[in-house]
Amino acid sequence: MPVVVVVGAQWGDEGKGKVVDLLTEHAHIVARWGGGANAGHTIVVEGKKYVTHLIPSGVVRPGTACVLGEGMVIDPKTLVEEIETFRGQGLLARDCDLIVSGRAHLTFPHHRELDRLRECRPGAIGTTQRGIGPTYESKASRTGVRVEDLLRPERLRRNIERNIAYVSAALAKFGGAVPDLEALVKEYLGYAEVIRPFVGDASRFLHEQIRQGKNVLFEGAHGVLLDLDHGTYPFVTSSSTTAGGACSGCGIGPTAIDTVVGIVKAYATRVGNGPFPTELLDKTGERLRDVGREFGSTTGRPRRCGWLDIPALRLTIRLSGIESLALTKLDVLDGLPEIKLCVAYRLQGKVLDEMPLDPDDLTAVEPVYESLPGWPVRSPGSAPVAKVEDLPAAAQAYLARIAELLGVSLSFISWGPARSETIWVNNPFREARAG
3 MPVVVVVGAQ
13 WGDEGKGKVV
23 DLLTEHAHIV
33 ARWGGGANAG
43 HTIVVEGKKY
53 VTHLIPSGVV
63 RPGTACVLGE
73 GMVIDPKTLV
83 EEIETFRGQG
93 LLARDCDLIV
103 SGRAHLTFPH
113 HRELDRLREC
123 RPGAIGTTQR
133 GIGPTYESKA
143 SRTGVRVEDL
153 LRPERLRRNI
163 ERNIAYVSAA
173 LAKFGGAVPD
183 LEALVKEYLG
193 YAEVIRPFVG
203 DASRFLHEQI
213 RQGKNVLFEG
223 AHGVLLDLDH
233 GTYPFVTSSS
243 TTAGGACSGC
253 GIGPTAIDTV
263 VGIVKAYATR
273 VGNGPFPTEL
283 LDKTGERLRD
293 VGREFGSTTG
303 RPRRCGWLDI
313 PALRLTIRLS
323 GIESLALTKL
333 DVLDGLPEIK
343 LCVAYRLQGK
353 VLDEMPLDPD
363 DLTAVEPVYE
373 SLPGWPVRSP
383 GSAPVAKVED
393 LPAAAQAYLA
403 RIAELLGVSL
413 SFISWGPARS
423 ETIWVNNPFR
433 EARAG
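The sequence shown begins at 3 in the working numbering and counts up one residue at a time.
Since the hints were derived computationally from the structure, they do not count as laboratory data.
It is possible that part of the hints are untrue.
Each pair of labels, with its calculated beta carbon distance range [said to hold, decoys possible]:
1. L283 x R154: 51 to 57 angstroms
2. D292 x E368: 23 to 29 angstroms
3. P386 x R289: 21 to 27 angstroms
4. D203 x A396: 47 to 53 angstroms
5. G323 x S381: 51 to 57 angstroms
6. K352 x R198: 53 to 59 angstroms
7. R198 x A405: 24 to 30 angstroms
8. K285 x R206: 29 to 35 angstroms
9. L374 x Q350: 25 to 31 angstroms
10. G65 x K352: 40 to 46 angstroms
11. K352 x R154: 38 to 44 angstroms
12. G192 x R320: 17 to 23 angstroms
13. A171 x R213: 44 to 50 angstroms
Every residue gets a Cβ at the ideal spot worked out from N, C-alpha and C, and that includes glycine.
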């Protein structure tokens, strides 16, 4: 299966960075299709931590081409910083290691400022304040500025001026200042000199690579439950996060996709506001946060933690056509005497087997739990866990119950941040990377 789409099966922060990094051993190309610098993926390689916000997690595998698709919104300041950081670490050694779509849209300081001002008011959604929503608003209003404009100075000036005219009314409403056109043009032309070698036709590049039989991995940046159309609206991101977003956001046809892998934590987390039926507001929730180091890669915000939510996963599996799951952070549950699984909801006397999308209904649901026995913390010096059978019997039972309730297989299980702390069950790339 040479074309694999990976999506977060919860509200994000499921450990996509590690999963994509592992799968990239078998992939020639890794592509992102949506979102911007509001994403944050953490990868640990031989004890060294790498954090990405725009460039796909495949960047830490030398020789892998990373693609930023048409559906993304790109903050060029962040992109330049990432390029310089990774090149300083010996990565992105060749210009062909990174392809940035010329049709992706640019984020400006005034987008970030508008985002910040809105978040300071009552009723805030809880965004990362990276200007993602306002950038997509500019795109939808046809007043956006695209990456390709960086290569044409006069058009860049003209389009920035038009965008300022569009955004200024909203900035004024919230007390923001009018952006300085000349300063922005100068700043962004400076970014253009660094980005220029990487700008290209991402859609055509991906099409040609797929036609040649190359292993291509599409990396979802956010969880499916944050999808603009199908997530827990209005507490969602501003782009398509389902597997179908890979088609529109990278310009490929749906028939090109061979399989979809969903990434899920052994428990649940959420950042920002919005309903969270299994949230734990007690010492167990605090323990999951502390042991799991549940703080945002992008913002540093503490994540809300709770028990694994099967009805929510049933929804994401259906929305994205997920055929297998990669389960992460199983080790965070070590030492808990009891582990609960939310297997259904009760709402007004009815039992629901799938998450409702109406925000009032989701706020009102009562989780229905099953209790399973926990397992002890692994002692120092224990033999490596190489297969599922090496796990404690209670952990095996927990995994089996999840697979049974969801009706999908587990691709692999992660029980720590390192590459080696992984149990492979089934590799979605049946053909090894070659060439």
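Tested hints:
Range check, L283 to R154: about 53 angstroms between beta-carbon atoms, so the 51 to 57 angstroms window is met. For the pair D292 and E368, the supplied restraint of 23 to 29 angstroms holds, since their beta-carbon distance comes to about 27 angstroms. Between P386 and R289 the beta carbons are some 25 angstroms apart, a value that agrees with the proposed interval 21 to 27 angstroms. Restraint check, D203 to A396: a C-beta distance of roughly 52 angstroms satisfies the suggested window 47 to 53 angstroms.
Separated by about 41 angstroms at the C-beta atoms, G323 and S381 break the suggested range of 51 to 57 angstroms. A C-beta distance of roughly 58 angstroms is found between K352 and R198, which places it inside the suggested range of 53 to 59 angstroms. At about 48 angstroms, the beta-carbon gap between R198 and A405 misses the expected band of 24 to 30 angstroms. Hint check: K285 to R206, Cβ distance near 54 angstroms, so the stated range 29 to 35 angstroms is violated.
For L374 and Q350, the hinted distance range of 25 to 31 angstroms is satisfied, since their beta carbons lie about 28 angstroms from each other. The supplied range of 40 to 46 angstroms is broken by G65 and K352, whose beta-carbon atoms lie about 54 angstroms from each other. At roughly 58 angstroms, the beta-carbon separation of K352 and R154 lies outside the given 38 to 44 angstroms, and the hint is violated. With their beta carbons about 46 angstroms apart, G192 and R320 fall outside the hinted range of 17 to 23 angstroms.
Between A171 and R213 the C-beta distance comes to about 46 angstroms, which sits within the given range of 44 to 50 angstroms.
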